[in-house]
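Student: Using the hints, position chain B against chain A.
Single-letter residue listing:
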Amino acid sequence: MTNIGGGAHIGAVFSCVDILAVLYGGILHVDPTAPKSPIRDRFVLSKGHAGAGLYAALAERGFFPVAQLLTHYQDGSDLSGHVSHKLPGVDVSTGSLGHGLSIASGMAYAAKLKSAPHRVVCLLSDGECDEGSTWEAALFAAHHGLSSLVAIVDYNRIQGIAPVADVLELEPFTDKWAAFGWAVREVDGHDHAALRTALVSVPFAPGKPSCLIAHTTKGKGVSFMENTVLWHYRIPRGAEFDAALAELEAQP
Amino acid sequence: MRDAFIRTLTELVPQHPEVVLLSGDLGFAVLNEYIDRFPRQFLNVGIAEQNMSGLAAGLALEGHAVFTYSIGSFPTLRCLEQIRNDICYHGANVKIVCVGGGMSYGPVGFSHHATEDLAMLRSLPGMQVFSPCDLWEAAEAARYLVSHRGPAYLRLDKSAAPATVQPGEAFRAGRIRTVREGSDVTFVATGGILGEAILAADILADQGIFCRVLSVHTVKPLDRDALTTAASETGGIVSIEEHAVDGGLGGAIAEVLMEAGVFPRFLVRMGLRNTFSSVVGSQQYLRKVYSLDAAAIARTVSAKLGTAVPALA
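Listed in order, the protein sequences are those of chains A and B.
Residues in the first sequence are numbered from -7 upward in steps of one, following the numbering used here.
Residues in the second sequence are numbered from 6 upward in steps of one, following the numbering used here.
Since the hints were made in silico from the structure, they are not lab data.
Don't take every hint at face value.
To be verified - In silico contact screen, one side only, chain B against chain A (beta carbon under 8 Å); selected entries:
hint, residue
1, VAL50
2, LEU64
3, ASN90
Stated by the list, open to error - The list that follows gives simulated cross-link-like pairs (lysine to any residue, SDA-like), each with its CA atoms no further than 20 Å apart:
hint, chain 1, residue 1, chain 2, residue 2
4, A, LYS78, B, GLY155
5, B, LYS163, B, GLU121
6, A, LYS106, B, ASN49
7, A, LYS104, B, GLY68
8, A, LYS28, A, GLY17
9, A, LYS78, A, LYS106
Beta carbons: idealized from backbone N, C-alpha and C, even for Gly.
The following block holds chain A by itself, in its conformation from the complex (with noise of 0.2 Å):
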């Protein structure tokens, strides 16, 4: 998708695809069938930069044809770059940073007021917690003991031109979400198995938002793309493009 459309942020993608692919794999109830099914549970990509991971998983779930990533950036496509709400499965179309949070917000707190049973999983990047409108939302999220809603947060190290650590240090990170009224986990977020039993034990406390912080390598899978700042915006291309497939083929 990225190499044909020339779409930027794989190394973004590569972070969070595999915990889209825990999600899509059976955590989240959804139906391809019945995508604005009342009763799904919600999913908000709230780092909408890794649209072409969060396609590609709702194309493997059936929402809609393998072939159509193809489109993925093209003229007249339905497949922007940050994630659109066009395509039948994504609720939300986002892009610009710090808006995720407060829309699953609001989206769980309507599911306390009919008292639904349904979650709200909404997946952030470590970037985006510069952005004071994610913490208004934290703030409200646990004073509303939103129980329903689950904050995961890809959290790779490196934002848009450098590292967290060099630009505005997170640390202590789970400590501050903790603080703010969150129940906190930590997994290694490329740990299938490990999502998988954190995300099945949500809320990690009754009364309380769930945060699991992943702990994720950015450009996973792809060994001259990890942990580079570089391949936040670079786009495979040519003998770049050939051995990131030859990697990523050659895993179990």
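Tutor: Positioned in the frame of chain A, the structure of chain B alone reads:
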């Protein structure tokens, strides 16, 4: 106007269980009856307008009709991107309510004035923009918004023009109201400052100049017909708003008339011109300072028509 809005909302909410009112920690005392009667349909979300707007979008996507409520620029400019991306792009059923339109909060200072909001909000796709002139229009706009589905903005002024409603008159969203007939000049005003236009028309009538006065309670969609009619039937148009003329009502009128190819003999845009309302004073005092009171409007018309400056009322 604020009270007329709250009263109308309180009256209608029993028939509208989907309504939720979000306040950005404002509305001390004035929201009490609503909160007491409908605690499940109210949320004080704290001083966090970005979150308020995102929450509103999330609630609306789940079927609620959401009102966000705050002062001046806070529910609009502070969270403009949430309004654009989260509310408008999703066509979310959210109504943004600003109390203290224009320079209502006078001496509190420019930070609490809303003087660019109409321009910014009307540029957003799918957004309807309401700016009533009197208590009747405020209540009727609120009534319309409770039933209307989709993004909208309601700007409430502290000042209200004297009652202008005619017996049996129905409120029609998107239609300009003719408050007074006249053929020499047309005043096109939005918000409580319409009261100044009426006073100016009185002053000018004494001089034998008869002004049509139009109330634009709906800035978007803007009523083309009333404007083109005024441009062709009267001797000129004066737009009056407690807002920047750039992109505001005056700008919108110019756009409509130019595109329609109907050119008034003159168009004067009265409003703030590339300035902040930084002088300290009451709303009425500030109108005088920024040449937006009745006397200034009358002087402007006299100058345009080449008549003597009329005596002040």
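Student: Now tell me, hint by hint, if it's right for this structure.
Tutor: Results of checking the hints against the structure:
Because the beta carbon of B:VAL50 sits about 6 Å from the nearest beta carbon in chain A, less than 8 Å, this interface hint is met. At its closest, the beta carbon of B:LEU64 sits 4 Å from a beta carbon of chain A; the interface hint therefore holds under the 8 Å criterion. Residue-level restraint check for B:ASN90 holds (minimum Cβ-Cβ distance to chain A is 6 Å; threshold 8 Å). Proposed proximity of A:LYS78 and B:GLY155 is supported: the alpha carbons are some 18 Å apart, at most 20 Å.
The hinted pair formed by B:LYS163 and B:GLU121 meets the criterion: a straight-line CA distance of about 17 Å does not exceed 20 Å. Our distance criterion of 20 Å between C-alpha atoms is met by A:LYS106 and B:ASN49, whose separation comes to about 19 Å. A distance of roughly 13 Å separates the Cα atoms of A:LYS104 and B:GLY68; the hinted pair therefore holds under the 20 Å criterion. Only pairs whose Cα atoms come within 20 Å are accepted, and A:LYS28 paired with A:GLY17 is accepted, the gap being roughly 18 Å.
Taking the CA atoms of A:LYS78 and A:LYS106, the gap is near 27 Å; set against the 20 Å cutoff, the hint is violated.
The structure shown violates just one earlier hint, number 9.
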